[in-house]
Structure formats: structure tokens, C-alpha cells
Amino acid sequence: MTQGGSFSSAANAGGSASDESDADFRTVRKAPPSATSMDAVLERIKKDVAAHKVVLYMKGEPKAPLCGFSYKAVVILNSAGVPYKTFNVLADPALREGIKKFSQWPTIPQLFIDGEFVGGSDIMEKMHESGELTKLFADAGL
Numbered sequence: 278m279t280q281g282g283s284f285s286s287a288a289n290a291g292g293s294a295s296d297e298s299d300a301d302f303r304t305v306r307k308a309p310p311s312a313t314s315m316d317a318v319l320e321r322i323k324k325d326v327a328a329h330k331v332v333l334y335m336k337g338e339p340k341a342p343l344c345g346f347s348y349k350a351v352v353i354l355n356s357a358g359v360p361y362k363t364f365n366v367l368a369d370p371a372l373r374e375g376i377k378k379f380s381q382w383p384t385i386p387q388l389f390i391d392g393e394f395v396g397g398s399d400i401m402e403k404m405h406e407s408g409e410l411t412k413l414f415a416d417a418g419l
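For the sequence shown, counting from 1, position 62 maps to 339 in the numbering used here; every step adds exactly one.
It is worth saying that the hints were derived from the structure and are not from the lab. Bear in mind the structure is a predicted one, so any value in this text is a computation, not a measurement. Where is the CB? At the ideal position from N, CA and C, for every residue including glycine. Incorrect hints may appear among the rest.
Computed cross-link-like contacts, EDC-like style, restricted to lysine to aspartate or glutamate with a CA-CA straight-line distance of at most 20 Å [stated by the list, open to error]: (1) Lys377 - Glu409; (2) Lys330 - Glu320; (3) Lys336 - Asp325; (4) Lys412 - Glu402; (5) Lys377 - Asp391; (6) Lys362 - Glu374; (7) Lys330 - Asp416; (8) Lys323 - Asp369; (9) Lys336 - Asp416; (10) Lys349 - Glu338; (11) Lys377 - Asp325; (12) Lys362 - Asp416; (13) Lys336 - Asp369; (14) Lys362 - Glu320; (15) Lys403 - Glu393; (16) Lys378 - Asp325; (17) Lys362 - Asp391; (18) Lys330 - Glu402; (19) Lys412 - Asp399; (20) Lys324 - Glu393; (21) Lys377 - Glu338; (22) Lys323 - Glu393; (23) Lys349 - Glu406; (24) Lys378 - Asp391; (25) Lys378 - Glu320; (26) Lys324 - Asp391; (27) Lys336 - Glu374; (28) Lys323 - Glu406; (29) Lys362 - Glu338.
DEER-style ranges, computed between Cβ atoms [stated by the list, open to error]: (30) Phe302 - Ala328: 40 to 46 Å; (31) Thr384 - Lys324: 31 to 37 Å; (32) Glu338 - Asp416: 25 to 31 Å; (33) Gly408 - Phe302: 50 to 56 Å; (34) Phe302 - Trp382: 31 to 37 Å; (35) Glu374 - Glu406: 48 to 54 Å; (36) Val352 - Asp316: 33 to 39 Å; (37) Asn355 - Ala317: 19 to 25 Å; (38) Asn355 - Phe302: 37 to 43 Å.
Please model the entire structure based on the sequences and the hints provided.
If you want it as C-alpha cells, here you go:
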């Protein structure tokens, strides 16, 4: 505080507060993926979904989900006893945006069975409770 009882800052002195911020605390804006890199991401997703019978795009890893919805999806898949492949969208911002574009679905997690988009955790939960999810696994040969 200054002698008059008010706080002094770079902004009050005509500068900007961000000029004096430590580099660790400055806002960093990441550019969205370019069209070329997004095409590559979409192609990678297409190959991954085709290569595995059950694919879950989630936040975190199965042993350590980083959101409640991803946790719920993992619990459902584990209870079904089917093998599945996961991809952590938090590890790759381009993948996180790409999967939303690929499926035309705005939220994570996203489940694919036999190459087809099924839905997120709420849809998975309803299908699990009704037996529809078990039927999809059986139809996929699992």
C-alpha cells in the first residue's frame, strides 16, 4: 500500500499489470488447430475407431479419470467386462477438438462401438441399464 492507503500498481502508473506479472502467471492463448492439422487429427481418429472394437475418448486415464462423466463411463465399461481402448483428450488439445468435430457431439466422454458413435456417459448409463449396451457388445462380437 502507498502512504495514502491505496494500492499502487503498474496499471495505476500508466503501465499494464501484465507487464510486471511473472511469466508463469501470464495468460497464454493457444491458437486453434490449423485446417491441415485438424484433417490429420480427424484421419487419426477415423483409424483409431476402426482399429478397435470399443473406443472411449475420455478425460484422464481409466485408472485415474479426471471428470465424473469419464469416471462413470469407465465404471460402465469395466462392469461390462469388455476390452476397450481409451484416448485421453486432455493430453492433446487438437484431439479434444477433433473428436467433437468427428462425432458432431459437444461433450466428453465419447464411446464408439464397432466403428459407430454411441454417445456420452448419460447415454451409456441408460443403455447399460436397459441392456442395449450389452446387445451392442454382443453384436460387435464381444
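key: Holds or violated: Lys330 to Glu320, with C-alpha atoms at most 20 Å apart   = 17 Å, holds
ask   = Hey, Lys362 versus Glu338, does the alpha-carbon distance stay inside 20 Å?
value = Between Lys362 and Glu338 the Cα gap is close to 10 Å, so the pair holds against 20 Å.
ask   = Holds or violated: Lys377 with Glu338, Cα cutoff 20 Å?
value = Cα-Cα ~18 Å, so holds.
query = Keeping to a limit of 20 Å between CA atoms, is the pair of Lys323 and Asp369 held or broken?
reply = Holds, because 16 Å separates the two Cα atoms, which is no more than 20 Å.
ask   = Hey, Lys377 versus Glu409, does the alpha-carbon distance stay inside 20 Å?
value = 24 Å, violated
task = For the pair supplied as a hint, Lys330 and Glu402, confirm whether the alpha-carbon distance does not exceed 20 Å.
result = 19 Å, holds
message = Holds or violated: Lys378 and Asp325, Cα atoms, limit 20 Å.
response = 15 Å, holds
message = For Lys323 and Glu393, compute the direct alpha-carbon distance and say whether it is at most 20 Å.
response = Roughly 10 Å separates the two Cα atoms, so the pair holds.
key: Lys349 paired with Glu338 [C-alpha distance capped at 20 Å]   = 12 Å, holds
inquiry  = Verify the CB-CB distance for Gly408 and Phe302 against the hinted window 50 to 56 Å.
reply    = For Gly408 and Phe302 the Cβ distance comes to about 51 Å; the hint holds.
task = Measure nothing beyond the straight line between the CA atoms of Lys412 and Asp399; if it is 20 Å or shorter, mark the hint as holding.
result = Judged against 20 Å, a Cα distance of about 17 Å means the pair holds.
inquiry  = Holds or violated: Lys324 and Asp391, Cα atoms, limit 20 Å.
reply    = 12 Å, holds
Hints 1, 9, 28, 31, 35 and 37 from the list above are not met by this structure, while the remaining hints are.
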